[in-house]
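2 protein chains.
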Amino acid sequence: MANFCLMIQYDGSRYNGWQRQGNTPNTIQEKLENILEDLYGEPVDLNGSGRTDAGVHALRQIANYRIPRLLSRYSCQQIQQFLNSELPKDIRVLAVEKASERFHARLSAVGKLYEYRIDCGEVANIFERRYLLRMEDPLNIERMREAAKYLIGTHDFKSFCDNPQMKKSTERTIFDISMDLQDGILRIRYHGDGFLYHMVRILTGTLIEVGTGDLMPSLIPSIIEEKDRSSAGFTAPPHGLFLVDVYYE
Amino acid sequence: MANFCLMIQYDGSRYNGWQRQGNTPNTIQEKLENILEDLYGEPVDLNGSGRTDAGVHALRQIANYRIPRLLSRYSCQQIQQFLNSELPKDIRVLAVEKASERFHARLSAVGKLYEYRIDCGEVANIFERRYLLRMEDPLNIERMREAAKYLIGTHDFKSFCDNPQMKKSTERTIFDISMDLQDGILRIRYHGDGFLYHMVRILTGTLIEVGTGDLMPSLIPSIIEEKDRSSAGFTAPPHGLFLVDVYYE
Numbered sequence: 228m229a230n231f232c233l234m235i236q237y238d239g240s241r242y243n244g245w246q247r248q249g250n251t252p253n254t255i256q257e258k259l260e261n262i263l264e265d266l267y268g269e270p271v272d273l274n275g276s277g278r279t280d281a282g283v284h285a286l287r288q289i290a291n292y293r294i295p296r297l298l299s300r301y302s303c304q305q306i307q308q309f310l311n312s313e314l315p316k317d318i319r320v321l322a323v324e325k326a327s328e329r330f331h332a333r334l335s336a337v338g339k340l341y342e343y344r345i346d347c348g349e350v351a352n353i354f355e356r357r358y359l360l361r362m363e364d365p366l367n368i369e370r371m372r373e374a375a376k377y378l379i380g381t382h383d384f385k386s387f388c389d390n391p392q393m394k395k396s397t398e399r400t401i402f403d404i405s406m407d408l409q410d411g412i413l414r415i416r417y418h419g420d421g422f423l424y425h426m427v428r429i430l431t432g433t434l435i436e437v438g439t440g441d442l443m444p445s446l447i448p449s450i451i452e453e454k455d456r457s458s459a460g461f462t463a464p465p466h467g468l469f470l471v472d473v474y475y476e
Numbered sequence: 228m229a230n231f232c233l234m235i236q237y238d239g240s241r242y243n244g245w246q247r248q249g250n251t252p253n254t255i256q257e258k259l260e261n262i263l264e265d266l267y268g269e270p271v272d273l274n275g276s277g278r279t280d281a282g283v284h285a286l287r288q289i290a291n292y293r294i295p296r297l298l299s300r301y302s303c304q305q306i307q308q309f310l311n312s313e314l315p316k317d318i319r320v321l322a323v324e325k326a327s328e329r330f331h332a333r334l335s336a337v338g339k340l341y342e343y344r345i346d347c348g349e350v351a352n353i354f355e356r357r358y359l360l361r362m363e364d365p366l367n368i369e370r371m372r373e374a375a376k377y378l379i380g381t382h383d384f385k386s387f388c389d390n391p392q393m394k395k396s397t398e399r400t401i402f403d404i405s406m407d408l409q410d411g412i413l414r415i416r417y418h419g420d421g422f423l424y425h426m427v428r429i430l431t432g433t434l435i436e437v438g439t440g441d442l443m444p445s446l447i448p449s450i451i452e453e454k455d456r457s458s459a460g461f462t463a464p465p466h467g468l469f470l471v472d473v474y475y476e
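For the record, the sequence lines run as chains V and R. Position one of the first sequence corresponds to residue 228 (the working numbering), numbered consecutively onward. Position one of the second sequence corresponds to residue 228 (the working numbering), numbered consecutively onward.
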């Protein structure tokens with residue numbers, strides 16, 4: 228089998244998330260798979276590095292697909308050009324590469340980087356407004372940094388998961404959370420080995436509640452401890468969230 | 228009379244340009260004037276520094292209005308807050324200042340800076356696509372710079388005006404044209420004392436034709452000389468154009 232790896236960028240605003248799902252139309256995976264099926268004349272299964280929710284964007288999502296060598300008659304460049312010529316303007320293939328046979332975009336991933344963007348400028352940003360959560364109340368970023376320190380590390384993040392039926396382990400490791408304020412835009416970056424359903428958005432909602440003064444930074448350890456979704460903050464809306472990168476060994 | 232100066236930013240995508248016009252709905256001037264009328268309980272005439280076409284954006288448009296001192300019961304901050312609370316999200320008032328009685332946003336202006344943004348990256352930009360003209364063909368920027376040199380200075384720019392009935396002088400001075408390519412985005416900045424109808428867009432279309440090799444840079448002087456719209460290049464679409472700033476003495 229030939230194994231191809233795609234680097235994909237998308238504006239998730241119009242889509243029902245990454246993952247193809249039974250009757251839900253308009254997913255990013257489906258758009259890509261349909262075009263690959265047109266290219267090869269055979270159905271193609273695309274493995275994404277992970278799902279992104281409806282409305283969430285990706286600066287660099289990774290996916291791979293395997294096809295029999297006999298069908299593999301196109302170069303990486305040809306695949307990229309065909310995909311970009313057929314895809315809507317809010318999805319682009321940044322690159323196509325041949326991968327080793329064992330590479331799997333989800334199973335081989337060792338880390339992910341997400342970024343949440345918050346507009347806390349004096350006047351609301353116009354030109355990036357579709358990709359920013361607007362906050363009118365001031366945020367105390369030093370307090371947010373203090374709270375973030377408690378989140379870094381290996382924890383059971385059940386309190387930060389919107390799937391109460393989750394049967395698999397809810398333990399994850401966050402390697403780092405960094406915050407950068409520039410021109411009124413706060414970017415919170417989460418680097419971890421993987422994230423639960425809505426986890427980055429709940430982490431962000433919780434940090435925002437710390438920033439506005441509704442929550443004490445020192446309460447974070449007990450929120451983790453309680454393993455109860457209702458202890459953590461609100462689920463921040465999807466439009467401010469970007470999957471920035473996926474890491475492999 | 229009290230004289231107030233507004234600094235305004237807008238995403239022009241949804242609007243029929245700056246200027247209120249008889250039956251044309253949805254202009255930026257009209258949106259602002261209606262809210263100011265609600266504020267003061269009297270009609271207010273807003274003078275913009277100049278019109279921007281339908282679909283053209285502004286990073287900093289300047290406008291002023293005069294009202295009788297007796298009616299002037301709000302501070303600059305109150306005016307700004309009321310406008311921003313009532314305006315749609317694609318128009319923001321960046322600041323409100325008291326101006327000298329003689330200040331007039333259009334008549335007092337001594338220069339304007341426009342920027343045209345072109346996406347010539349290998350893969351089309353997704354997140355700024357609404358504000359970029361996408362070019363698939365490569366552009367030779369050195370040739371464009373060469374052509375731009377001929378445009379700088381005081382000329383009769385009749386060839387670069389889309390109003391054939393223009394009765395006033397078509398002489399204008401371009402102080403500078405600069406080009407900056409970063410991350411696949413070419414920004415062409417035009418600094419001049421004023422610009423004719425569609426002039427920046429025709430200058431851009433002409434420079435693009437130079438960049439693609441369809442036009443020799445050395446032909447620019449004869450295009451100016453001919454004073455004929457059909458000699459110059461195409462009118463670049465509005466969505467890549469920004470009014471960046473307006474200058475006063």
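Read the hints as simulated data drawn from the structure, not as lab findings. Because the structure is a prediction, the values reported are computed rather than measured. Wrong hints could be hidden among the right ones.
Remember, identical chains collapse to one label, so a pair may be satisfied in a single copy or spanning two.
[To be verified] Okay, derived cross-link-like pairs now, SDA-like style, lysine to any residue, Cα gap no bigger than 25 Å in a straight line:
no. : residue 1 : residue 2
1   : Lys325    : Glu369
2   : Lys385    : Met443
3   : Lys316    : Arg241
4   : Lys316    : Ser240
5   : Lys325    : Asn352
6   : Lys395    : Arg247
7   : Lys394    : Met234
8   : Lys316    : Gln409
9   : Lys316    : Phe461
10  : Lys316    : Glu349
11  : Lys394    : Arg456
12  : Lys316    : Met443
13  : Lys325    : Ala229
14  : Lys258    : Asn311
15  : Lys258    : Arg300
16  : Lys395    : Glu355
17  : Lys316    : Ile353
18  : Lys316    : Pro365
19  : Lys394    : His466
20  : Lys325    : Arg241
21  : Lys316    : Asn352
ask   = Looking at the structure, which of the earlier hints fail to hold?
value = As far as the earlier hints go, 1, 7, 12, 16, 19, 20 are violated by this structure, in ascending order.
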